[in-house]
Structures are given as structure tokens and as C-alpha cells.
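Line order of the protein sequences matches chains D and G.
If you number the first sequence the way numbering that gives the first Met the number 0 does, the last residue is 518 and the count never jumps.
If you number the second sequence the way numbering that gives the first Met the number 0 does, the last residue is 518 and the count never jumps.
Everything labelled a hint here was simulated from the structure, so no lab data went into it.
One or more hints might be untrue.
The list treats identical chains as interchangeable, and a pair is accepted whether it falls inside one copy or across any two copies.
To be verified - In silico DSSO-like pairs for lysine-lysine, Cα to Cα no more than 27 Å straight-line:
#1 232 <-> 518
#2 37 <-> 247
#3 247 <-> 232
#4 190 <-> 405
#5 457 <-> 152
#6 190 <-> 27
#7 457 <-> 481
#8 405 <-> 27
#9 67 <-> 77
#10 27 <-> 37
#11 12 <-> 235
#12 9 <-> 67
#13 37 <-> 10
#14 400 <-> 507
#15 131 <-> 9
#16 190 <-> 67
#17 472 <-> 9
#18 449 <-> 133
There are 2 protein chains.
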Amino acid sequence: MANQRGILPKKVKGFRDINPNMNVLRQKIITAAADVYKLFGFEHWDTPVVEYADSLGKYLPDDQTTDKGVYSFRSPEKEPVYNTVGEELRHEWNNEVLMENHFLALRYDLTAPLARMYAETHWNDFLKGNIKEKQTQLFRRYQYGTVFRFEEKLEPGRFREFWQLDFDSVGTNDISADAEVCMILSAALEKIGVKRGTYLVKVNNRKVLKGFLLSIGITDENTEMNILRVIDKMDKIDLQGITEELGKGRIDTSGAGIKGLDISENIIKKIVVFLQSFPKNSSRKQVIEQLKGYSENQIIEEGITELAVIDTILTELNIDEERVIFDPTLVRGLAYYTGPVFEVESLQAFIDEKGNERHFGAIAAGGRYDGLVQNLLGIRVPATGASIGVDRLAELLVQTKQLNEKAEGAVIIINFDDKLMGEYQRIAAELRAENLRVEIYYGDQRQLKKQLQYADQKNCPVALLLGEDELKKGVVSVRNLKLGKELSTTITDKTEWKNRVQFEVERKNLTKSVLKILK
Amino acid sequence: MANQRGILPKKVKGFRDINPNMNVLRQKIITAAADVYKLFGFEHWDTPVVEYADSLGKYLPDDQTTDKGVYSFRSPEKEPVYNTVGEELRHEWNNEVLMENHFLALRYDLTAPLARMYAETHWNDFLKGNIKEKQTQLFRRYQYGTVFRFEEKLEPGRFREFWQLDFDSVGTNDISADAEVCMILSAALEKIGVKRGTYLVKVNNRKVLKGFLLSIGITDENTEMNILRVIDKMDKIDLQGITEELGKGRIDTSGAGIKGLDISENIIKKIVVFLQSFPKNSSRKQVIEQLKGYSENQIIEEGITELAVIDTILTELNIDEERVIFDPTLVRGLAYYTGPVFEVESLQAFIDEKGNERHFGAIAAGGRYDGLVQNLLGIRVPATGASIGVDRLAELLVQTKQLNEKAEGAVIIINFDDKLMGEYQRIAAELRAENLRVEIYYGDQRQLKKQLQYADQKNCPVALLLGEDELKKGVVSVRNLKLGKELSTTITDKTEWKNRVQFEVERKNLTKSVLKILK
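All chains should be built: construct the whole structure from the sequences, respecting the hints.
Listed below in C-alpha cells is the structure:
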């Protein structure tokens with residue numbers, strides 16, 4: 000028996016159940032942010048949880064493993080393989096259509112599915128030659144939902160399924176749309192309840208970094224991406240660590256050796272000087288002025304010009320450095336960004352269970368990705384947008400006690416006697432007609448104590464008690480559970496406590512009485 | 000080139016994107032139903048999209064195929080195998096922990112994950128012997144979200160990913176909770192917008208069918224399930240088809256042979272008589288009286304008693320046969336039901352594209368499943384609940400024009416001139432401060448015609464036009480797009496039309512003017 004395989008009732012590691020309190024909070028975050036997105040003209044679209052792995056831009060090996068953090072698996076259904084113009088491929092020897100169980104994947108973000116949706120919509124027009132670059136159609140949508148990442152090492156507080164809340168403008172070269180991203184992030188976070196001064200929208204431009212690296216002789220794209228990947232670790236390893244990783248390599252905290260990029264000392268020095276040269280409290284205009292010192296090529300100049308456009312618009316709207324700053328050292332991980340990048344940093348800290356001060360870091364991020372749709376559609380479609388990390392933000396609001404929502408339970412009707420069920424139902428119906436939430440206790444453990452424990456767990460504000468005696472007298476006993484909880488800390492005498500929190504009302508006045516308590 | 004493998008921008012077959020209109024509708028359905036669920040004391044919980052396949056109660060073969068309509072795949076992570084009491088299993092020869100890439104699955108409904116969540120919560124108490132049957136804890140939750148079924152043959156209007164909206168009471172033997180399911184289904188549908196008289200909550204009890212089959216000599220559970228599966232097809236094949244399938248078999252519409260159950264003619268006759276013997280417009284009490292004629296064993300008697308309890312409560316609350324009827328022929332597909340079963344049938348029809356009248360059939364369903372949690376927890380935990388099919392209901396509301404939500408777009412600011420972007424932004428900010436939705440056109444196709452096409456697509460009510468000329472005059476041109484659309488059918492003269500729908504307002508009166516149009 001003990002050696003038999005068993006089925007354990009367990010959620011999958013890295014996944015979690017969401018309780019009512021967290022759901023209330025999540026709902027508030029989504030509603031508040033969506034309201035702001037709508038205010039800027041974004042529409043609500045949804046895409047499936049499952050997509051063809053190819054469409055998500057991941058190239059999977061031909062076995063059953065997942066590639067870099069994506070959950071993927073073979074479709075249970077054989078489907079044709081297509082060529083680059085959408086025709087079915089055929090076997091050479093018998094001319095039969097080549098069929099395959101294609102790889103499917105759980106979406107790892109909401110941006111790649113957006114690119115797929117946009118490309119799919121315009122694919123036939125593209126094949127017919129009806130759309131061209133620079134004439135792509137504008138499409139602005141917001142979307143929220145769950146996304147999946149298979150992180151092998153799961154850090155505390157991180158999950159493999161989490162919620163994102165995205166807005167994007169596809170089909171626009173206009174840098175005003177990037178300025179708008181900053182406004183929206185700021186407005187959405189404030190509407191959610193993150194107070195001004197406790198967060199910062201940080202902006203950079205990939206062209207600034209690319210142009211700078213070009214100016215010191217980094218022309219190879221691969222090397223550029225590797226360097227950016229190291230710079231992106233600024234928050235985790237310090238400048239010393241970055242210096243080492245750009246050069247000979249370093250030993251991380253666990254003692255493991257991290258291979259270095261083997262870049263020449265001369266160039267490393269220039270990079271480090273650049274990273275150190277922007278004071279934290281610089282104004283946006285100061286950053287722009289300083290960057291002009293590096294302006295040696297067209298790319299960095301474009302980057303600076305775009306930052307200037309963003310600054311101009313934000314300044315027009317009196318959005319100053321309390322909300323949005325420029326940070327020329329900001330990278331943002333994703334490889335597909337091509338222009339402005341955004342990251343919202345929470346400035347708040349909290350004390351964790353071990354008594355350590357912890358920072359939240361990034362709570363939202365985004366950027367311009369002019370190349371992403373091209374992978375699928377074949378023409379360049381400029382786009383920009385950002386995403387709010389719903390779960391991390393919920394955690395922040397809980398930890399900093401800014402929005403500690405606790406779902407209040409229903410009025411509970413204690414179930415004393417099956418014969419009175421009709422009366423319980425009538426009472427419940429009367430109260431519900433007043434839009435009051437009412438639950439009749441249907442549990443199998445009927446002791447009063449158990450029923451009250453249940454009511455306590457569900458945070459019920461009021462209990463109604465009705466047995467044969469009360470029925471004969473034409474009354475119902477009403478117990479104010481909320482008051483009871485408050486008084487239980489100060490009143491120790493049981494009788495006194497009960498006198499204060501429980502009273503009989505005439506049956507006909509019941510609804511009025513409950514309404515009064517709950518008001 | 001043409002023979003190269005291509006990546007087509009395509010959603011997976013059976014999956015779909017949801018547009019803003021459908022999202023508005025879906026949101027309305029969810030909000031309305033959730034409001035009703037809350038009114039009855041259900042709390043909002045969520046569970047992951049991904050679960051261990053074993054937990055969902057499906058037993059998968061050891062290869063990569065999916066079993067009966069479930070999307071499943073190997074976890075990318077090796078984890079221990081456990082025995083029936085939660086200890087790690089070890090290899091016999093080297094005593095190392097047995098590790099495996101367990102099968103994961105996309106949830107195919109919200110009930111199986113609920114059973115997992117409940118069992119997981121109480122698993123340790125169970126191991127310690129702290130909980131026993133008939134002392135299980137009451138747990139009532141509602142949940143909505145997406146579920147996945149791999150249906151090989153996809154009928155029109157069916158999808159492989161769709162939304163459910165469930166409420167369940169776990170840990171209750173009380174049949175009052177089943178009566179409540181009927182009330183909630185009815186109240187939720189009416190709150191959503193399904194009018195009374197256009198739907199029917201149909202109720203049966205598995206014990207009635209089981210007891211009847213027992214009374215005619217069907218004692219084998221397997222045969223019983225097979226017979227029920229055939230009876231369940233009543234809506235699709237008629238009584239003739241059922242007779243054939245219970246006996247020698249039949250030929251379906253496609254000409255394929257369907258194997259029969261080979262039951263004796265005598266028994267088939269009794270089944271057919273039973274199926275025909277309940278007039279459609281019987282009252283609940285009439286059905287109960289008639290069933291008493293079959294009461295030959297304890298099981299059917301239990302079933303009848305439970306139906307009587309449900310009838311009594313509903314009658315107390317004046318919920319009559321306009322809303323809830325008893326139908327002793329109702330099966331409901333799922334094998335795990337053990338007592339009362341529910342199905343809401345829409346009585347509405349619509350005319351499809353081909354001009355045929357079509358019925359919607361079931362829009363919600365549920366039942367009592369006293370054995371489901373037992374599979375995971377080892378003790379019997381009685382439970383009951385139901386689920387509303389969100390997408391099918393949305394389709395019904397659209398087709399019957401009961402709730403034809405069309406998302407209205409934002410006020411659009413036409414983008415004539417980059418130099419005026421600051422002014423566009425100020426106008427937008429002013430209007431947004433009044434909680435008006437405003438979009439500045441950022442698209443790359445700047446011709447006025449293209450911008451107005453875009454506004455039309457997004458159903459924008461108002462366009463604001465501002466170029467150098469207007470700026471100098473201190474005015475903004477306001478075009479009432481909504482009125483324009485209405486008048487375009489009656490006014491053919493372009494100048495007259497424009498005079499009616501477009502006018503200049505002083506810049507300082509702009510907000511007031513737009514507010515007036517939108518009111």
C-alpha cells in the first residue's frame with residue numbers, strides 16, 4: 000500500500016490559488032488601470048492563452064523540452080506545414096501535404112500574441128501587396144490576463160503564472176505615442192493607489208545606448224547585445240561586478256564563475272565612465288544636454304531627438320521629474336526594443352519576515368518595438384507600449400498597507416432546524432431584495448460554534464439566529480459579529496459581551512434592523 | 000524560397016481573439032452573475048490554468064498524446080513521485096528518490112481544480128486523522144475563467160478555449176443547497192438579461208434514473224452508465240434513434256454505423272415507456288406523484304424525496320414552473336454527478352446565416368457530485384454547484400438582440416500638424432480631466448480621410464479638427480460623427496451635411512461643447 004503511486008492533491012510548483020482578498024485587490028488594479036487606458040482611447044481585446052510556438056517568436060528544438068522559459072508542447076492534432084507565402088508544403092516523393100503536430104506554447108507575455116493578431120489581420124493584404132511599410136494601420140488595444148514563464152529557479156515571491164495589464168499602439172512612428180506611454184503609466188499607477196513621489200517612470204532610448212557603443216567602436220550587434228545584457232544587471236551586481244563581467248569574468252555570490260565578455264580595458268573604462276556620468280537627480284533637460292556631448296553619429300542623435308520630443312510634451316503637460324526622469328543607463332531586458340524604453344521603479348521599501356528591508360524594483364515596463372511584427376508579417380510595423388505587473392503591484396500595495404482590501408462576508412443565517420428552512424429562505428430572499436448579501440449555512444457540522452467559526456472565517460458582519468422558540472415569539476436574534484469582534488478585546492464578561500452584540504428584533508422589523516447595522 | 004518552411008501569423012485552430020464589443024458583453028455577463036453569486040454568499044477564488052493531470056482526474060497514457068479532450072504535456076521539471084500517503088517513492092536498488100516529468104494539463108473545467116484546492120487544503124488534516132466523513136468543512140466559492148477542451152471535430156460555434164462562470168458549495172449534504180442552485184441560475188440569468196419565460200431550469204436526480212434502471216433489472220454500474228449516455232442524446236437523436244442504439248445499433252446521418260448496447264427488447268421497451276411518460280407541461284408536484292409509481296427501491300425513493308425538498312423550497316419562494324421544472328429524462332453528461340442535476344435550456348431560437356431556425360440548447364448546467372473530492376482526499380465530501388457558459392450566453396444575447404453592446408470609441412483629435420502636438424495634448428488632458436475618453440491620432444497615414452476611417456472603425460462619437468488656421472482664429476472645429484452617421488442616410492448634399500454636423504467653437508468653450516454633444 001505505502002509503495003503504491005499516489006495522487007497528491009497539489010497545485011503545480013510555482014502556481015497558486017488566489018483568495019477573495021487578493022481577488023478584490025487584483026480586480027481594483029485592473030479596473031483602475033483599464034479606466035485610464037480607456038481614457039486614452041485604447042480598446043479591450045483578448046487573445047488565446049495558447050498560441051503556435053512559432054508565432055510567439057521562439058524557435059523550439061525538435062524534442063519535448065521547453066526553450067528558455069516557455070511552456071510548450073506538441074499539438075494533439077496534425078496540421079499542414081506551410082511555406083513562407085502560406086502555401087502547403089508537400090512531400091517530394093508522393094506529393095502529399097506535409098503534416099505535423101506543431102508546437103503550441105502558453106503565452107509568456109501579451110505583446111507577442113498582439114504581434115500575431117496584428118500580423119494575422121493584415122497577412123492577406125500583405126500577400127496581395129496591398130499594404131506597405133509606413134502605411135501600416137494604427138491599432139491601439141489594452142489587454143489583461145495570465146501569462147506563463149517556466150523559471151527554473153524560482154525566487155521568493157515569483158510565480159510561473161502571473162497577470163499582466165498591457166496597452167500598446169501598433170502602427171505608429173510618432174514619438175508622441177511614447178510620451179503618452181509615460182503619462183499613462185503615471186496616471187494608471189496613481190489611479191490604482193500608488194502615491195506620487197513613491198514611484199518614478201524612468202525613460203531611456205535604445206538608440207542612445209546603441210549610438211554610444213557605436214561611438215566607442217562597438218559595431219557588432221552580437222557584442223552590443225551582450226554588453227547591454229551585462230549593463231542590465233546594474234541593479235543586481237554593482238559597477239565593480241559589471242566591470243569584471245565585461246572583462247575577465249567574475250565570481251557570483253554562490254561562488255560560481257561567470258564568464259566575462261573579454262572586452263578591452265580601454266573600452267570597459269569608457270563604458271564605466273558613461274554609466275557613472277549621469278547624476279541621479281538630473282533634470283530631463285540636463286540629461287539631454289549632457290548626452291549631446293556624445294553625439295557623434297546619427298543613431299545617438301536620433302535617440303537624443305526622440306528624448307527631447309518626449310520631454311517637450313511632458314513639460315507642456317506639467318509632468319515634471321517628480322514623475323518622469325531620463326536615465327541613460329536603463330536597458331530593459333527584452334531584445335526586441337528598438338527605441339524609447341520605460342521602467343517604473345517603486346521607491347518604496349518594506350520589512351520582510353526576516354526583518355530585512357526590501358525594495359520592490361520594477362512594477363511596470365515597456366518600450367518601442369519597431370521590429371516585432373516584422374518577424375511575422377514581413378514588413379516593418381512600428382509599435383510602442385507598456386505592461387503593468389498586476390501581481391507584483393498587488394503585493395506592493397499589501398506590503399506597504401496602501402490598499403489592504405479585505406473582502407467582507409455575507410450576512411449569515413444560522414441553520415438550527417431543517418423544519419425552519421422555508422423561513423430561512425424567506426428571510427434570505429427578503430434581505431437579498433434589498434441587495435444585501437445573505438448566506439444560509441448549509442454545512443454538515445451544525446453545532447452553533449462551528450457555524451460561528453465559519454462566519455468568522457468568511458468575515459461575516461451579522462449572524463441571524465432563529466429556532467423554534469424565536470419562531471413562536473415572532474422574533475429573530477441578530478448578532479452583530481463585527482461589533483462583537485471589536486468588543487471582544489475590551490469586554491471579558493461573556494454575558495455583558497452578548498448583551499452588547501446580540502438582540503432580538505420582531506420578525507417584521509428584521510430587514511430594517513439588519514440594514515441599520517450594515518449602514 | 001517558396002519551398003522554405005514559413006511561419007504563418009495564425010491563431011491555433013479552435014481558439015479565437017475577442018474584440019471590444021464581445022469583451023463588453025462578456026464583462027457584463029460576468030459582473031451580473033458574480034453579483035448574484037455574491038448575494039448568496041459565495042466568495043471569489045481563482046485557481047491556476049495549469050494543474051497536474053492526475054489531479055484533474057484524468058489518467059493519461061505514458062506517451063505524448065492527450066486523453067479524451069484534455070490538453071496535456073510533460074512538465075519541463077523533474078519532480079519526486081509520491082506514494083498514497085505523500086511519501087517520496089524510492090528506487091529499490093539504490094534508494095534514490097524516483098523522479099519524473101509529471102504530466103501537466105490545461106484545466107478542462109473549474110470543478111476539478113476546485114476539488115484539488117479543497118483536497119489540498121484539508122490533506123494534512125486528513126493524514127493526521129483530524130477530519131472525518133460527515134464532518135467536512137463547508138466551502139463556497141465562485142470562479143470564472145477560461146477552460147480548454149481538445150474537441151477533435153469542432154462543430155460550428157464551438158471553441159477549444161472558452162469561459163465558464165461557476166459557483167459551488169463543497170461540504171454539504173443539505174438538499175437546500177441544491178434548491179439554491181436553481182434559484183441562483185434563474186436569478187443570474189435574469190440579471191444578465193435573459194428574460195423570464197425565455198429559459199427553463201430543468202431539474203432531475205441521478206438517483207431517480209439509477210433507481211428506475213435498478214427497478215427494471217439493471218444492476219451493473221457499467222451498463223447503467225452506458226444506458227445513461229444513450230439517453231443523454233435525446234436532444235440530438237430522437238426516441239427511434241435511442242431505441243436502436245440501446246439495441247442493435249443505428250446508422251447516423253453521415254452514414255456511419257453506431258454500435259448498439261445489445262440490451263433486450265423487453266428492457267428497451269420499459270426504458271422507452273419511462274422516457275415518454277412525463278408530459279412536457281407537468282407541474283413539479285405532478286412529476287413527483289408520477290415518479291412515486293416507480294418507487295420500488297430505496298435509491299429512487301431518495302431521489303424522489305430530494306426532488307420534493309427542492310420543490311417545497313422553490314414553492315415557498317414563489318418560484319414556479321415558469322422558471323424551474325422537473326424532467327425525469329434529463330441526464331447531463333458528466334459521470335461524476337450523484338444526485339440532483341440541473342440544466343438551463345434556452346427556449347429561444349434564431350435564424351442562422353443559411354436561413355435555418357436554430358436553438359441554443361443548454362446555456363448552464365450543474366449537479367451534485369458527492370464523490371469527486373473523494374478521489375483526491377480519500378473521504379467522501381458532498382458538493383453541489385453549477386456553471387454558466389459565458390461565451391454561449393454571449394452568443395445567445397447577440398443573436399436574439401437582447402443585449403447588443405457596441406463599445407463606443409473615444410473622442411478623436413485629428414492630427415494635422417506635428418507642430419501642434421503640444422496643443423493637441425493640452426486639449427486631450429483638459430477633456431480627460433472631465434473623464435472623457437480622448438485619443439490623439441498617432442498613425443502614420445495622416446490623410447484626413449484615413450484618420451476619419453480610423454475614427455469610424457473605432458466608433459468614435461466626436462472628432463476635433465485643429466490646424467494652423469484654427470489656431471490663429473482661436474477656434475477648434477468639432478465634428479459630431481455620431482450625428483453624421485445618422486444624417487448620412489437622409490442628407491445627400493455634402494455641404495448641407497457638413498453644415499449640420501461640423502461647427503467651430505472658441506477654444507475656451509471646447510470642453511463644454513464636447514460635453515454637451517456627448518451628454
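Quick rundown of the hints versus the structure:
1. 232 <-> 518: neither (52 Å within a copy, 52 Å between copies)
2. 37 <-> 247: For residue 37 and residue 247, neither the intra-copy (50 Å) nor the inter-copy (61 Å) Cα distance is at most 27 Å.
3. 247 <-> 232: Within. Shortest intra-copy distance 16 Å satisfies the 27 Å Cα cut-off; inter-copy 72 Å does not.
4. 190 <-> 405: both (19 Å within a copy, 26 Å between copies)
5. 457 <-> 152: neither (35 Å within a copy, 44 Å between copies)
6. 190 <-> 27: both (10 Å within a copy, 23 Å between copies)
7. 457 <-> 481: This pair counts as within: shortest intra-copy Cα distance 12 Å, inter-copy 48 Å.
8. 405 <-> 27: Close inside one copy (12 Å) and across copies (24 Å); limit 27 Å.
9. 67 <-> 77: Both, since 25 Å and 16 Å are each at most 27 Å.
10. 27 <-> 37: Both, since 15 Å and 17 Å are each at most 27 Å.
11. 12 <-> 235: within (25 Å within a copy, 43 Å between copies)
12. 9 <-> 67: both (25 Å within a copy, 22 Å between copies)
13. 37 <-> 10: between (35 Å within a copy, 26 Å between copies)
14. 400 <-> 507: Neither: 42 Å inside a chain and 42 Å across chains, both beyond 27 Å.
15. 131 <-> 9: between (52 Å within a copy, 20 Å between copies)
16. 190 <-> 67: Close neither inside one copy (35 Å) nor across copies (46 Å); limit 27 Å.
17. 472 <-> 9: neither (50 Å within a copy, 70 Å between copies)
18. 449 <-> 133: Only across copies: residue 449 and residue 133 sit 13 Å apart there, 68 Å inside one copy, limit 27 Å.
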